[in-house]
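Asks: This is what each chain is made of:
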Amino acid sequence: MPVVSLPYKYLERLCGTDRKTIIEHLPMIGSDIERILEEQVDVEFFPSRVDLYSTEGVARAMRGFLGLETGEEIYPVSPSSISFTVDPNLKEVRPYIGSAVIRDVHLDNEAIISLMGVQEALHWVVGRGRAKVAIGVHDLDKVTPPFRYYGAPVSRSFVPLDFDREMTLAEIMEEHPKGRDYAHIVKDKPVMPLIEDANGNVLSFPPIINGELTRVTEASRNLLLDVTGTDERAVMTALKVLCTTLITAGGKCESVSINGVIMPDLSPETREVKVSSCNKLLGTSLSAEEMAEILRKMRFGAEKSGDNSVSIRIPCYRADIMHEWDVYEDVAIGAGFGSLNAALPTTFAAGCEHPIMKHASAIRDICCGLGYLEVMPFTLSNEDVMYTRMQRNPDPNALRVLHPISEEQTLVRTDLLPLLLDLLRMNKRRELPQRIFHTGDVVLEMQTYQKLALASTHPGADFSEAYATTDALMRELGISYTPRESSDPAFIHGRSADIMVDGKKVGVFGEIHPGVLNGFDIDQPAMGIELDLHLIF
Amino acid sequence: MQLTLNEKRLLLELVKCGTTTPEEMGVILDRPADSVVQYGGLLSQKDLATVERNVTTTLSLTEEGTRYLSEGLPERQLYNSFGDSSSMADLNKHPHAKIGLGWMKRLGWVKIESGNVIKTGDASLSSLEIHVKNLDNAPADIKKELIKRGLATEEESVRYVISITELGQKLAAAGIDLSEETGTLTADQISSGAWKDLTLRRYDINKHPRPVWPGKIHPYQRMIDEMRRILLDMGFTELHGSIVQGAFWNFDALFQPQDHPAREMQDTFHLAGKQDLPEGWEKVRDMHETGGNTSSTGWGGKWDPEKAKATVLRTHTTSLSIQHLAAHPKPPVKAFCIGRVYRREAIDPTHLPEFEQLEGIVMDDNVTFRNLLGFLKEFYTRMGFESVRFRPGYFPYTEPSVEPEVYIEELGWVELGGAGIFREEVTAPWGITCPVLAWGLGVSRVAMLRMGLTDLRQLYQSDIDWVRQMPTHGGRC
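Going down the list, the sequences are from chains A and B.
Once you know that position 24 of the first sequence is 32 in this note's numbering, the rest is easy, because the numbers rise by one and skip nothing.
Once you know that position 13 of the second sequence is 311 in this note's numbering, the rest is easy, because the numbers rise by one and skip nothing.
With the rest of the complex left out, here is chain A (with noise of 0.2 Å):
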């Protein structure tokens, strides 16, 4: 989740109030605050509320929930004379664009980190790194409409953000900073997305960078936006977000043509919502009244339009509300959690353990008394461990990740003895004797299974304590079984057995080899045992 930086003072200044108050109330419209500073709190926020990811949205929607300013903001949109053309060559490549002009802005230098960090965040939660939705603000009065959105060759060349010199997209692609980070996202394209003027100076190169010309400073008074994407209700959703901002921020917002077609539309979705629903799902006795109240303070448009139902206007920025329930939470957030008074569900069921949950119960019942300390590895595991020091061929049924993290974790056990002799190593300078074991999930050919093992180590530890506490497990298990001579190489040939039950192998046990004793680095005598759980169960 996106960290947004508010600083105390801008944030005073829009919500009205003092930081103490603020800060008291921000965990409880959805937000967990990461540090408070000298100047600023830095504060998370969820991925669905885009809406909140600049110091006025926050102001916005603190100053409702204070109950300072209720209801909706209205966000006029003047029409203005500026267009742009969209070039079908883009089709393929990034076809859709959103903008609009906020004139009359007045930003110092808070409200411009502000307005970065909100471009920043919704780069990331709704552009998906800029491959879904790419946002530019301009310096309006720098360039000279009508504008047009265009596939251009890679040979074409301006002044990218931050250099102050000419470099060709392809130049930009692999020298400038943030080409590097985003050239992905296009280099591959047959052309290239780009936004110029009437007079071919261009603006924004986008999803990778502006150009320096209409870079925006404190000096800016009018703004052009340009919202680029694949996704055109992802577009939509950041250019609402951004203009609402910006009027928030002091602006006033002008429409802008785009193939003909008139945007932003800042005009609220209006729902009528029941609140018998509501109250159903939120277990309250709220009144339509109250309901209609509550919302206001979520800054919706709400009226009581009868007396089960509420009209409400969703303000355009919220791009979360989906369904019906997304205006029931908030009317759950507005109450307030903790005013909901918390009771037990009634629904009556007896409660009934998982029969693999019982036999491991039982298992460490046996475990301990036969005087085995319980342990619980890793389930993730490497070659090496598992195969390698056991002196075992590698199976290829074990589940292999495919991007592993590390060389110590790249596939899911198929056993736990090793993992108890890994264990005992890294447990070595630890008072002997040592006796331990561990009940759990194994995974071969895509299922899960069940396994136990046990090992010791001291200096007596042999195939006859092998042997001696395979019958003691087996016989509290309930289980009648026949040794037979095993040749599994972990383990001493001639002091080691297979576990039979019903002519079918269900286990092992003996003394560790000393090859296998070596490659664990355990310098006492072992002996292990393991059983597979799901073939006696």
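Among these hints, one or two may not hold up.
[Claimed, not checked] Pairs of lysine to aspartate or glutamate, DMTMM-like flavour, derived with a Cα cap of 25 Å:
(1) B/LYS605 <-> A/ASP239
(2) B/LYS514 <-> A/ASP449
(3) B/LYS675 <-> A/ASP40
(4) A/LYS282 <-> B/ASP662
(5) B/LYS607 <-> A/GLU453
(6) A/LYS197 <-> B/GLU604
(7) A/LYS186 <-> B/ASP557
(8) A/LYS366 <-> B/GLU652
(9) B/LYS605 <-> A/GLU240
(10) A/LYS186 <-> B/GLU562
(11) A/LYS195 <-> B/GLU562
(12) B/LYS581 <-> A/GLU81
(13) B/LYS607 <-> A/ASP449
(14) B/LYS514 <-> A/GLU100
(15) B/LYS605 <-> A/GLU100
(16) B/LYS581 <-> A/ASP239
(17) B/LYS505 <-> A/GLU439
(18) B/LYS514 <-> A/ASP479
(19) A/LYS99 <-> B/ASP557
(20) B/LYS572 <-> A/ASP403
(21) B/LYS600 <-> A/ASP328
(22) B/LYS675 <-> A/ASP334
(23) A/LYS366 <-> B/ASP523
(24) B/LYS581 <-> A/GLU453
(25) A/LYS366 <-> B/ASP531
(26) B/LYS514 <-> A/GLU277
(27) B/LYS605 <-> A/ASP328
(28) A/LYS28 <-> B/GLU707
(29) A/LYS366 <-> B/GLU524
(30) B/LYS572 <-> A/GLU439
(31) B/LYS605 <-> A/ASP40
(32) B/LYS572 <-> A/GLU391
(33) B/LYS514 <-> A/ASP470
(34) A/LYS436 <-> B/ASP523
(35) A/LYS186 <-> B/ASP565
(36) A/LYS436 <-> B/ASP565
(37) A/LYS197 <-> B/ASP753
(38) B/LYS514 <-> A/GLU361
(39) A/LYS436 <-> B/ASP761
Since the hints were derived computationally from the structure, they do not count as laboratory data.
Starting from the known structure of chain A, fit chain B onto it as the hints suggest.
Replies: Same frame as chain A, but now just chain B:
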């Protein structure tokens, strides 16, 4: 004051002589000298005697050194093996050529000219040769040289002197009973009644016993079992399922958009192989694209069935909950699962690629968000957290969503998981018409708080001593 018979006997002898050595006293008491040192040690713990430990080092010749005593040091042997001069090649045939030549040169006995070794005429006894015969008077540097050449070794010898103290004198003067004491009772002594005439030796309770380590259940598993007990007591059915899941159940059925970053290779362990989509998958597709037959708009865009066929290590056990619901769409359902989940994270003290999650659902006609809060509060209270509060949360598959937090003295409010009511987009494809309360709580986080751990790895790569020391009951766990 309790003394063993041996301590008493030693004390009484000390009264006679005041000071003694273990060797002398060993003869008198008919015990090995080191046993006498031990008895003396026990008396000294009670301030009845003192044991003085004197360490002296003595130099003695090694086997090799002794041999050279008669044969001469290697350099002397080599020197004597040739006339006024010898070619290097001839000299090299001598068994001591290697070591001898160096020393002859160093001592100035020979010089080397154009491949020949020529005697200088001066081969007086070296200081090593002198002192090898008289080790005790050798200066320190010569001793060092002898040790270095392996001709002599230094040995430490420890000598003890045992003396009686004033307190010992007083105690002995007060009289000491020397009758035999019995240590271990035998079966014979018990059945014959002979025990009646025995003095049973008393043990010193101030002496700590040898530690005995019982077999036991891992502290983390005990906590997991405690959570299981709470849920079983509340009437929940336990689930258990496969670690390997199709992306369909792990993500798509939970209304996770297909371009959600958490689905990517970077955050999730992907596996080779595809899993077939279950019957009814089209309804899930419709939910994503348009919201299906609900009031939802869906995510829009195209939903790709191939993406849903990918196989992953489960990133949450919610994939088991939704499959359980799809199989049991009629109310009531109360189910839970504590199982391992996987995230592609590098190992550090607070992040692991695998950890436990506690997952649960309640599905019934009239359950509400209030009931969800009620359950969470009850659960954490039973786990011993007194203050619980609720904060708004966000998860793609629940609405409303909530993050429960508990208050910890030094840490403030700590978030311990997420919960919510399954979205209609999640439940509708399976014909579920009742609300489903759902939660996924961090188990290892609670373990860290309860056991005071700073490193999560302690749970999985346990120090055996830590497991041995953690009390099974009471204490912090």
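Asks: Each hint: holds or not?
Replies: Each hint, compared with the structure:
| no. | hint | result |
| --- | --- | --- |
| 1 | B/LYS605 <-> A/ASP239 | holds, 18 Å |
| 2 | B/LYS514 <-> A/ASP449 | holds, 20 Å |
| 3 | B/LYS675 <-> A/ASP40 | holds, 20 Å |
| 4 | A/LYS282 <-> B/ASP662 | holds, 21 Å |
| 5 | B/LYS607 <-> A/GLU453 | holds, 17 Å |
| 6 | A/LYS197 <-> B/GLU604 | holds, 24 Å |
| 7 | A/LYS186 <-> B/ASP557 | holds, 22 Å |
| 8 | A/LYS366 <-> B/GLU652 | holds, 23 Å |
| 9 | B/LYS605 <-> A/GLU240 | holds, 22 Å |
| 10 | A/LYS186 <-> B/GLU562 | holds, 22 Å |
| 11 | A/LYS195 <-> B/GLU562 | holds, 21 Å |
| 12 | B/LYS581 <-> A/GLU81 | violated, 37 Å |
| 13 | B/LYS607 <-> A/ASP449 | holds, 23 Å |
| 14 | B/LYS514 <-> A/GLU100 | violated, 64 Å |
| 15 | B/LYS605 <-> A/GLU100 | holds, 21 Å |
| 16 | B/LYS581 <-> A/ASP239 | holds, 22 Å |
| 17 | B/LYS505 <-> A/GLU439 | holds, 20 Å |
| 18 | B/LYS514 <-> A/ASP479 | holds, 20 Å |
| 19 | A/LYS99 <-> B/ASP557 | holds, 20 Å |
| 20 | B/LYS572 <-> A/ASP403 | holds, 20 Å |
| 21 | B/LYS600 <-> A/ASP328 | holds, 19 Å |
| 22 | B/LYS675 <-> A/ASP334 | holds, 23 Å |
| 23 | A/LYS366 <-> B/ASP523 | holds, 11 Å |
| 24 | B/LYS581 <-> A/GLU453 | violated, 29 Å |
| 25 | A/LYS366 <-> B/ASP531 | holds, 15 Å |
| 26 | B/LYS514 <-> A/GLU277 | violated, 62 Å |
| 27 | B/LYS605 <-> A/ASP328 | holds, 24 Å |
| 28 | A/LYS28 <-> B/GLU707 | holds, 22 Å |
| 29 | A/LYS366 <-> B/GLU524 | holds, 14 Å |
| 30 | B/LYS572 <-> A/GLU439 | violated, 48 Å |
| 31 | B/LYS605 <-> A/ASP40 | violated, 32 Å |
| 32 | B/LYS572 <-> A/GLU391 | holds, 23 Å |
| 33 | B/LYS514 <-> A/ASP470 | holds, 22 Å |
| 34 | A/LYS436 <-> B/ASP523 | violated, 29 Å |
| 35 | A/LYS186 <-> B/ASP565 | holds, 24 Å |
| 36 | A/LYS436 <-> B/ASP565 | violated, 35 Å |
| 37 | A/LYS197 <-> B/ASP753 | violated, 48 Å |
| 38 | B/LYS514 <-> A/GLU361 | holds, 22 Å |
| 39 | A/LYS436 <-> B/ASP761 | holds, 10 Å |
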